[in-house]
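A.B. asks: Just add 2 to the spot in the sequence shown (first one is 1) and you have our numbering.
Worth flagging that the hints you see were computed from the coordinates, not collected in a lab. Predicted model only: the values in this text are computed from it and were never measured. The beta carbon of each residue, even a glycine, is placed where N, CA and C say it ideally should be. A portion of the hints provided could be inaccurate.
For each label pair, taking beta carbons as the anchor points, the in silico distance ranges come out as [said to hold, decoys possible]:
(1) 103 x 201: 24 to 34 Å
(2) 132 x 89: 23 to 33 Å
(3) 150 x 89: 24 to 34 Å
(4) 123 x 40: 16 to 26 Å
(5) 103 x 138: 26 to 36 Å
(6) 60 x 279: 19 to 29 Å
(7) 102 x 123: 19 to 29 Å
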Amino acid sequence: MKTRIYRNPVGVSKYTGLALISPFIIGAVLFIIYPFIASFITGFTSDGISVENFRNIISDGRIKASAAVTLKYTIILVPLKLAVSLGVAFLLNMELKGIGIYRTAFYIPSILGANLAVIIMWQYLFTSGGLVNQLLEKAGLFPVSWYGDPDAALFIIVLLRLWEFGSAMVIFLAALRDIPRELYDAAKVDGCGRLRCFFSVTIPQIKNIIFINLILQTIAAMQEFSAPYMITNGGPLGSTRTVGMLIYEEMFIYGDEGTANAVSWLLFVFIAAVIFLMYRLTGISGRKQK
Numbered sequence: 003m004k005t006r007i008y009r010n011p012v013g014v015s016k017y018t019g020l021a022l023i024s025p026f027i028i029g030a031v032l033f034i035i036y037p038f039i040a041s042f043i044t045g046f047t048s049d050g051i052s053v054e055n056f057r058n059i060i061s062d063g064r065i066k067a068s069a070a071v072t073l074k075y076t077i078i079l080v081p082l083k084l085a086v087s088l089g090v091a092f093l094l095n096m097e098l099k100g101i102g103i104y105r106t107a108f109y110i111p112s113i114l115g116a117n118l119a120v121i122i123m124w125q126y127l128f129t130s131g132g133l134v135n136q137l138l139e140k141a142g143l144f145p146v147s148w149y150g151d152p153d154a155a156l157f158i159i160v161l162l163r164l165w166e167f168g169s170a171m172v173i174f175l176a177a178l179r180d181i182p183r184e185l186y187d188a189a190k191v192d193g194c195g196r197l198r199c200f201f202s203v204t205i206p207q208i209k210n211i212i213f214i215n216l217i218l219q220t221i222a223a224m225q226e227f228s229a230p231y232m233i234t235n236g237g238p239l240g241s242t243r244t245v246g247m248l249i250y251e252e253m254f255i256y257g258d259e260g261t262a263n264a265v266s267w268l269l270f271v272f273i274a275a276v277i278f279l280m281y282r283l284t285g286i287s288g289r290k291q292k
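Please model the entire structure based on the sequences and the hints provided.
C.D. replies: Next comes the structure, spelled out in structure tokens:
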């Protein structure tokens, strides 16, 4: 068998590849690396290079309250979103006539996101005379002050993000369709019912995908900004002011660049620590699936 020798085409230099990827390199330097370094330096800047910003953060009650809201929001939203998206993906995995239409319909809310039209609709639904309270009154229940009760206000934000479960659902659906049918057939031969098959076959087969969705949804929840900013503006009494909103306020309302960047770095470190802890506790990291 003859060995082919590929010669360098005429006029193509060794720097051609570098020239082709130069737009990505320039973009990475200008919009990723430089802001990353500048943010780190600014976080230590307060009338000179110091750690005063980080000291102020420790004693600032607003930052502690925002961190508590962010943790509460994440702990409530992420498990609910994973459960709903997995349940819907399991239903959409069935071979039914017109199932593609249902899959598209359930994914549409994730495409819409928290845009202005959705926010206006959401605000109307949960006003004092909105559709939700009207339905509660017709059911014989008392209307809820959604924007006056701290717990109810946070529930509005959670419900909006829970409605946007399409991205996690698509990942789960792809994983479910990749499970060999022979495993279910063998489980049925052994006498397993639908529920037993779900916990003994489906869950073990997609545990890595569950973990991936857990990581992605946790990161997104801890960085939440747009939904509470546009729906409740952090109220009432700061009950929906997340760390992301606090960073925005410190930067663009109070003009405190040092504190805003310091909080951003603390949030980054905290998210990294949480993700690392998840890897350690689950034992999925680095383990090859047999």
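A.B. asks: So, for every hint listed, does it hold in this structure?
C.D. replies: How the hints compare with the structure:
| no. | hint | verdict |
| --- | --- | --- |
| 1 | 103 x 201: 24 to 34 Å | holds, 30 Å |
| 2 | 132 x 89: 23 to 33 Å | holds, 27 Å |
| 3 | 150 x 89: 24 to 34 Å | holds, 32 Å |
| 4 | 123 x 40: 16 to 26 Å | violated, 38 Å |
| 5 | 103 x 138: 26 to 36 Å | holds, 32 Å |
| 6 | 60 x 279: 19 to 29 Å | holds, 22 Å |
| 7 | 102 x 123: 19 to 29 Å | holds, 26 Å |
Of the hints listed earlier, the one the structure fails to meet is number 4.
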